[in-house]
Amino acid sequence: MPYDLEFERPLADLDKRIQALQRRGDRLRPDERTQLDGLRIQLDQRAREIYRNLTPTQRVQVARHKNRPYTADYINLVSDDFFELHGDRRYADDHAIMGGLASIDGKTIMLIGNQKGRDTKDRLERNFGMAHAEGYRKAQRLMRQAEQFQMPVVTLIDISGASLDLEAEQRGIAQAIAESLFVMAGLRTPIVSIVIGEGGSGGALSTSVADRILMLENTIYTVASPEAAASILWRDSSHAHKAAAAMKITAQELLKLKLIEEIIPEPAGGAHQDYAAAAAAVKSAIIRHISELEQLATEQLLEQRYQRFRAIGVYKRETVGASSPTT
Amino acid sequence: MRDESKPALPVVGHNGAHPDAVHTLPTNLAVKCPNCRELLVGKDLERNQKVCPRCGYHFRMDAHERIDMLLDRDSFEEFANDLLSADPLGFVSDAKGPYIAELESKRRATGLNESVVVGKGEIERMPLIIVVMDFRFIGGSMGSVAGEKITLGIERATKDRLPLLIISASGGARMQEGLFALMQMAKTSAALRRLADAGVPFISLLTDPTTGGVFASFSMLGDVILAEPGAVIGFTGPRVIEQAMHQKLPKDTNTSEFVLQRGMIDTIVHRRDLRPTIGRILRLYGAASKRFV
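If you're matching them up, the sequences are chains P and V in order. For what it's worth, our numbering labels the leading residue of the first sequence as 4, then goes sequentially. For what it's worth, our numbering labels the leading residue of the second sequence as 41, then goes sequentially.
These are calculated hints, taken from the structure and not from any lab test. Please note that the accuracy of each hint is not assured.
[Claimed, not checked] Calculated cross-link-like contacts (lysine to any residue; reagent style SDA-like; alpha-carbon spacing at most 25 Å):
hint, chain 1, residue 1, chain 2, residue 2
1, P, Lys-261, V, Ala-238
2, P, Lys-245, V, Leu-192
3, P, Lys-259, P, Arg-313
4, V, Lys-199, V, Glu-117
5, V, Lys-199, P, Val-317
6, V, Lys-288, P, Asp-168
7, P, Lys-261, V, Glu-117
8, P, Lys-286, P, Gly-120
9, V, Lys-136, P, Glu-182
10, P, Lys-286, P, Gly-109
11, V, Lys-83, V, Asp-112
12, V, Lys-199, P, Asp-168
13, V, Lys-199, P, Lys-19
14, P, Lys-319, V, Arg-320
15, P, Lys-259, V, Ile-140
16, P, Lys-110, P, Phe-152
17, P, Lys-245, V, Asp-134
18, V, Lys-288, P, Glu-170
19, P, Lys-319, V, Ser-145
20, P, Lys-319, V, Lys-83
21, P, Lys-286, P, Val-317
22, V, Lys-288, P, Ser-240
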């Protein structure tokens with residue numbers, strides 16, 4: 004994949020030199036061959052270095068990168084078989100959320116994820132991944148089924164936010180999100196959620212009331228998109244970069260705030276540079292966390308999930324000792 | 041927070057004095073009805089439960105006005121009022137300054153510690169847990185403390201098997217607390233799941249405005265959902281939808297009447313009928329497990 008982001012310019016330059024040498028193939032002199040190897044190592048190191056120190060706004064750019072692997076890509080790479088289940092049995096099939104039975108190392112899980120769409124036609128059909136009520140109702144149906152068959156649930160999160168058009172309001176987007184939170188809170192089977200791109204607002208939360216929330220290295224999870232938050236707080240969405248920094252939305256910051264359990268490392272230069280490596284890391288995280296959660300008795304699992312969310316919040320008490328915040 | 045575009049009500053009498061004094065309109069002050077433009081005398085409006093006597097427009101009420109209007113006299117016992125918002129992100133915006141300062145100024149202006157008041161009270165001698173949101177406090181937005189107080193209310197209702205009434209008035213999640221705020225939607229909904237499993241009824245009353253993450257979590261999980269007439273109720277504010285989607289919206293989009301017509305709530309109740317209506321509902325659910333005699 005080309006290095007096309009502003010802050011990747013040094014990588015693009017190195018990549019160009021590598022490409023030029025590679026094109027000559029067998030005609031390279033021994034010293035040029037050594038040079039090529041050196042450049043490759045340099046590219047890898049520079050990529051790691053740059054990606055280690057991204058600003059929140061740069062993380063947003065990577066999280067939204069048009070070449071980033073989406074749910075459908077992870078499904079292909081992670082599962083040996085996948086049978087997609089369609090429709091909410093009430094109104095329609097929302098293509099912004101896909102889900103179904105996935106076979107991973109011989110075990111069947113319920114795999115559900117947001118799907119943004121790759122080309123223009125696909126994007127329009129999937130409403131750019133912005134789910135409607137019927138998408139959340141489909142997800143609820145699949146989760147209830149997972150509970151019935153004692154299947155663990157894995158959700159992949161990649162949504163800028165739930166749909167905000169008139170149709171969403173007419174069909175009860177808020178009710179659908181609320182019910183998803185309610186269903187997941189009491190679902191009697193393990194749930195692991197992985198943010199693979201953008202985790203935007205209620206649209207993301209409604210598939211991530213999970214026992215574990217994991218985030219890929221270059222992803223964000225936020226109460227509102229930086230643009231939306233900026234238009235509320237600054238009355239101007241062009242201040243999005245400030246909102247992105249102020250709201251602490253990156254995987255690194257959220258791990259520090261103990262709001263997520265783990266960061267899944269990405270290949271050098273981001274997941275979009277190496278789908279197979281990204282998927283392998285996701286797969287091994289799924290297997291490890293599900294195996295751990297399956298050790299727990301159901302009541303214990305539900306109690307831990309309740310306490311996981313119950314404990315979230317930072318506040319202080321008005322009386323003596325008011326200075327020590329309770330986390 | 042989804043939409044604060046609606047003009048705030050004429051804020052009068054909020055001089056930061058004793059909390060009890062804050063919610064009383066000066067009796068001699070004239071207030072213009074934003075709906076029919078009639079000039080109303082503060083005293084008359086107050087006497088009419090802040091409903092315009094001419095057109096029936098429901099003015100917003102603050103938390104203590106709600107409690108005084110709905111509960112039996114002197115039956116309210118507040119709890120968890122000592123919780124104060126901290127500042128988990130160290131949030132500063134150059135438009136609004138530090139979050140901490142904003143909290144402090146809202147506390148002074150409203151006499152409240154947060155956007156939510158929670159306690160135990162009685163309606164027609166029937167005890168219940170009541171949670172009331174106050175839009176004056178940073179748009180009634182839900183951060184850690186609001187979420188915590190709502191959850192404590194739900195947990196108390198579950199433990200003591202008391203019916204729960206939550207009165208929403210909120211723009212949604214509080215941006216200044218980032219993901220901590222979003223997660224309060226999950227926290228409150230998880231607590232409601234336990235309330236439901238315990239078989240304790242929950243009445244949700246939606247008032248102007250109920251939007252964003254509050255609408256999309258606990259407020260839509262009531263066993264009975266009521267709304268006051270003419271309230272803005274929606275996931276996204278109408279102005280935001282029009283801007284983002286370039287859609288022209290029908291006039292009543294995202295109002296009480298709209299969500300009723302779409303099957304999202306049970307009924308719309310005029311303010312003067314709220315207390316007896318909630319009383320009826322409490323009596324009906326209260327007698328659910330009785331046997332025929």
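Checklist entry - Taking each numbered hint in turn, which are not upheld by the structure, reported in ascending numerical order? => result Of the numbered hints given earlier, those the structure breaks are 1, 2, 7, 9, 12, 13, 14, 20, 21, listed in rising order.
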